[in-house]
Amino acid sequence: MSEDVKKFLYVNRKAPYGTIYALESLEVVLIGAAFDQDVSLAFLDDGVFQLTRGQDTTGIGMKNFSPTFRALGDYDVTKLYVERESLEERGLSADDLQEIMYEDEDDDWAEKPSIRIVSRAEMADIFAEQDVVLSF
Amino acid sequence: MAYDVNGTTVEHDEEGYITNLSDWSEDLAKVIADQEEINMTDEHWAVVNFLRDYYEEYQIAPAVRVLIKAIKKEMGPEVGNNKYMYELFPYGPAKQACKIAGLPKPTGCV
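Protein chains in written order, with the numbering used here: chain R, 489 to 624; chain S, 6 to 115.
Everything labelled a hint here was simulated from the structure, so no lab data went into it.
Treat the hints with caution; some may be incorrect.
With the C-beta cut set under 7 Å, the calculated list includes, among others, these residues of chain R facing chain S [stated by the list, open to error]:
no.: 1; residue: 515
no.: 2; residue: 518
no.: 3; residue: 556
no.: 4; residue: 559
no.: 5; residue: 561
Residues from chain R that keep clear of chain S, each with C-beta distances beyond 12 Å, as calculated [claimed, not checked]:
no.: 6; residue: 494
no.: 7; residue: 507
no.: 8; residue: 514
no.: 9; residue: 522
no.: 10; residue: 534
no.: 11; residue: 562
no.: 12; residue: 563
no.: 13; residue: 572
no.: 14; residue: 580
no.: 15; residue: 584
no.: 16; residue: 604
no.: 17; residue: 619
No experiment lies behind these values; they were computed from the predicted model shown.
Using N, Cα and C, we set each Cβ at its ideal position, and we do this for glycine too.
Work out the full structure: start from the sequences and follow the hints.
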């Protein structure tokens, strides 16, 4: 990586279906991944529903794009921060989220989890470290 | 716009990507390959099948860089490298192989 690497944070606050925000955000992340930036994703408010396991969209006629989150590791996007308070406020816990792994190139390709549950205070620190914050 | 596969028509967009992913068949793949002036060998099929599996699992057509890296991991460096992949699919492995595999155009591909 060169010196112009910037820290990009994509902030996801909306439920996966019903609006196009969640899918658009994911597409921008996949496209943006070609530019060698330091990318993180944040999931808070209803955005935490995007990562829940066992999504089934047959009743609403939309594509279930939740499996695509598991491809993010291939795109070198390996930091998915989920806010603990947002999960708790919705009666969810880490066990309700799908497993998303990446292979660590610097650690003999060991499989590691991409999802990191953080507190609201830690999330604020993560926001503060960024050069660019994109909100969806 | 449509392909003709043994008498049945399969709709495609202005760039040749099929409209309905479930219309895909191996015969259709051969028709699209003909139009792309690609003679399908076992090596071509290996890439096409790899892409179909990738799409099945992740619901996306991967970018070239990601495709080549994934193929390298799965089938080894003699297959998973730029030179070899562009020899198989001269107009771009992701673009051409996805079309033949009946997938949408890769995200971020212009």
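| Against the structure shown, which of the earlier numbered hints fail to hold, in ascending order? | Per hint list: 5, 8, 9, 11, 12 violated.
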